[in-house]
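Protein sequences, first through last, are from chains A and B.
With our numbering, letter number 27 in the first sequence gets 27, and the count goes up by one each step, no holes.
With our numbering, letter number 126 in the second sequence gets 126, and the count goes up by one each step, no holes.
By construction, these hints were calculated from the structure, which means they are not laboratory data.
Bear in mind that the values here come from a model prediction, so they are computed numbers and not experimental data.
The C-beta atom is built at its ideal place from N, Cα and C for all residues, glycine as well.
Errors might be hidden in some of the hints.
[What the hints assert, rightly or not] Residues from chain A shown here face chain B by an in silico Cβ test under 7 Å; the list is partial: (1) Y114; (2) N207; (3) Y232; (4) S269; (5) V282; (6) L292.
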Amino acid sequence: MTAAVLSAPAPQAAAGEPLALETRDLTKEFRIGRKWYSSGQPLRAVDGVSLSLRKGEVLAIVGESGCGKTTLSRLMLGLQQPSAGEIFVGGEPLTNVDRKVFSRRVQPVFQDPYSSLNPRKTIGEIIRDPLQIHRIGTSAEQNAEVEAIMERVGLARRLIHSYPSQLSGGQRQRVAIARALVIKPEIIICDEPTSALDVSVQAQILNLLQSLREQMNLTYLFISHDLSVVEYMSDYVAVMYLGRIVEAGPAAEVLRAPRHPYTRALLSSILTADPGLGLPEVNLGRGFPDPLNPPNGCRFHPRCVDALDKCATVMPRRIVSGSELIECHLHDTAATD
Amino acid sequence: MEHRKYDPADAPVLTVEGMNVDIAVPAGALHAVTDVSFSVRQRETLCLVGESGCGKTITSLALMRLLPRTAKLTARKINFEGHDLGRISERQMARLRGNRIGMIFQDPMTSLNPVYTIGDQLEEVYLRHRGGSRSAARKRAEYLLEKVGIINPGQRLGQFPHQLSGGLRQRMMIAMMLMCEPKIIIADEPTTALDVTVQVQILQLLRSLQDEFNMGMILITHNLGVVARMADQVAVMYAGRVVEQGSAEDVFRNPVHPYTRGLLDCMPKRGQVAANGRLGSIPGIVPSLVGQQRGCSFRNRCVLQRQACSEGQIDLRPASSGHLYRCILEPAATVLPTTLPVGSAA
Ligand SMILES: Nc1ncnc2c1ncn2[C@@H]1O[C@H](COP(=O)(O)OP(=O)(O)OP(=O)(O)O)[C@@H](O)[C@H]1O
Ligand code: SF4
Ligand SMILES: [Mg+2]
Numbered sequence: 001m002t003a004a005v006l007s008a009p010a011p012q013a014a015a016g017e018p019l020a021l022e023t024r025d026l027t028k029e030f031r032i033g034r035k036w037y038s039s040g041q042p043l044r045a046v047d048g049v050s051l052s053l054r055k056g057e058v059l060a061i062v063g064e065s066g067c068g069k070t071t072l073s074r075l076m077l078g079l080q081q082p083s084a085g086e087i088f089v090g091g092e093p094l095t096n097v098d099r100k101v102f103s104r105r106v107q108p109v110f111q112d113p114y115s116s117l118n119p120r121k122t123i124g125e126i127i128r129d130p131l132q133i134h135r136i137g138t139s140a141e142q143n144a145e146v147e148a149i150m151e152r153v154g155l156a157r158r159l160i161h162s163y164p165s166q167l168s169g170g171q172r173q174r175v176a177i178a179r180a181l182v183i184k185p186e187i188i189i190c191d192e193p194t195s196a197l198d199v200s201v202q203a204q205i206l207n208l209l210q211s212l213r214e215q216m217n218l219t220y221l222f223i224s225h226d227l228s229v230v231e232y233m234s235d236y237v238a239v240m241y242l243g244r245i246v247e248a249g250p251a252a253e254v255l256r257a258p259r260h261p262y263t264r265a266l267l268s269s270i271l272t273a274d275p276g277l278g279l280p281e282v283n284l285g286r287g288f289p290d291p292l293n294p295p296n297g298c299r300f301h302p303r304c305v306d307a308l309d310k311c312a313t314v315m316p317r318r319i320v321s322g323s324e325l326i327e328c329h330l331h332d333t334a335a336t337d
Numbered sequence: 001m002e003h004r005k006y007d008p009a010d011a012p013v014l015t016v017e018g019m020n021v022d023i024a025v026p027a028g029a030l031h032a033v034t035d036v037s038f039s040v041r042q043r044e045t046l047c048l049v050g051e052s053g054c055g056k057t058i059t060s061l062a063l064m065r066l067l068p069r070t071a072k073l074t075a076r077k078i079n080f081e082g083h084d085l086g087r088i089s090e091r092q093m094a095r096l097r098g099n100r101i102g103m104i105f106q107d108p109m110t111s112l113n114p115v116y117t118i119g120d121q122l123e124e125v126y127l128r129h130r131g132g133s134r135s136a137a138r139k140r141a142e143y144l145l146e147k148v149g150i151i152n153p154g155q156r157l158g159q160f161p162h163q164l165s166g167g168l169r170q171r172m173m174i175a176m177m178l179m180c181e182p183k184i185i186i187a188d189e190p191t192t193a194l195d196v197t198v199q200v201q202i203l204q205l206l207r208s209l210q211d212e213f214n215m216g217m218i219l220i221t222h223n224l225g226v227v228a229r230m231a232d233q234v235a236v237m238y239a240g241r242v243v244e245q246g247s248a249e250d251v252f253r254n255p256v257h258p259y260t261r262g263l264l265d266c267m268p269k270r271g272q273v274a275a276n277g278r279l280g281s282i283p284g285i286v287p288s289l290v291g292q293q294r295g296c297s298f299r300n301r302c303v304l305q306r307q308a309c310s311e312g313q314i315d316l317r318p319a320s321s322g323h324l325y326r327c328i329l330e331p332a333a334t335v336l337p338t339t340l341p342v343g344s345a346a
């Protein structure tokens, strides 16, 4: 196991400005089937993740269902405690940051705009909530803020007295974004923000997120399983497999010249709207990743078409150079076995 | 066109003409499907594509006669192997469903019974439609599990659905559908809940089985990538109507309807970003389908709409031979302005 290393993107000497968000060897282990007579079976959902993110950047986490993306986002939101490792916000350890101060700086937007909004509150009340929790402004100032942010995210003012059930999926996701932004956070953690939406509505929301980022200098951690969405949204990409980041780097590099066999399989699975191309060949074994029984060696080796003998027994090292990271024996040129 | 395996000279296995489904709701009649026509040959794939609520599922439920009680199906004809599916009795329909007409859904768990083993459920389908012995049924089940790429079929047959991954469950459903010998498969979002890599594997499987067993397929999806790679014929649906219909080549390479064009612009494209750094988008949301529908149902979201779009009934008409669209404008006039308003309100 290598020591804690910074990975994508590396903190280039950004003239003293602390990183917006950073994790060091972040690990989360759950105990499955815990009983009074047994401590249950360990499930390592997040395993030694080191990532960093500068202000104004977008880092995407991609991977299949169950790879640990959502657990990672919940750790970063402070909704769950890590089993090991640390999170830093603006250079300070999360454990030292007051809960309220933290939530003013980091806000979530979740996947499901249907369940993440309180059905008994009006749109106006939902968006105003964070202002009240943080006691920001007078009642009149709060009203003004709510109206301003609604306009900014493209919600008609007349919707202020509506309830979530009266809104379309896209409108609800706009409400969730408005609620996240009303207290002017620095970082937004988006967990599959458009995967429940139609393509045309997804395009509206992605465009909105891009505009807001430019206007408000926001930093996004953007979690998605859709690589074409990731390509559109992000500056950096980290690919996750069974809890580990197996490849990371600038989006342009990772998506144009993927190195890890898993990244390559993911990319070749993208179905572009090209008739006549037929289905792609996806070079991937059919095994299905089971986080309860992670394989020895490289966690990906049972599905890897390029696996070497040692992949089944030896865990590949994490190799970091500049803002790129790779964890694969094929790319470990300095291997000394 | 490596995947075009059907023979254009074959007679269709399924022909639908002028199908409508109205659903009674408190506010009146909801026109869930209006004037839908298509046909499917053996080894041919027709994709129904469109956004949420456009009537894809209701269309498939209508073909299987599984509509809710509040729904009313009418059609000039729905011909499947000489049966008019709109008119035959429920008993006759029950003999076709799951037997000559195979079905696969997005979530296999809804159609699998959690308390029976996989083997029991596969055999049940066979015994119900085919009769014969349990051992013959088991043999066919094992044969098919192997066909759908399940390793160690004997062992899997004794397992329960929840013990399988999503991809395996969908393979199971496909095996179950093949227990009898369907002539047509109706697959409603069969890969939507799966990971992208597994999606490709399941689509590959469907394609090869379709060729091997000479089946027609109606593939329902909202995913334009899936459509482009799987479809021979495409019907783009919007608000219960087909707005554009033709070969995958025509619809994707020369889309004519402003909705189809807009939808394609909304897709993030690999390796290219629009000049303004934004995706195309279609402003607004789908209209209510309740009550009388006049004019073009897309007009409240169409950047090209004009007075004539709200009048009368707009029929499908040819854009090129065999490629149809439903818009008052001539094909050349439906080009969208390249930059749509960004972040416009939903
Ligand atoms: N049982 C029902 N009662 C009333 N309206 C219904 C019922 N089922 C469907 N509808 C309506 O019929 C229309 C078509 O629905 P349908 O389920 O066919 O859409 P779909 O294209 O399959 O959408 P999705 O992509 O979300 O699956 C919608 O307006 C829907 O709200
Ligand atoms: S008929 Fe009119 S509103 Fe409908 S798509 Fe054509 S131009 Fe647009
Ligand atoms: Mg549906």
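Against the structure, the hints:
1. Y114: 12 Å, violated
2. N207: 5 Å, holds
3. Y232: 4 Å, holds
4. S269: Nearest chain B Cβ about 4 Å off; hint holds.
5. V282: Where the cut-off is 7 Å and the nearest Cβ of chain B is about 5 Å from V282(A), the hint holds.
6. L292: At about 12 Å, which exceeds the 7 Å cut-off, the nearest Cβ of chain B leaves the hint on L292(A) violated.
In summary, the structure is inconsistent with hints 1 and 6 from the numbered list given earlier, while agreeing with the others.
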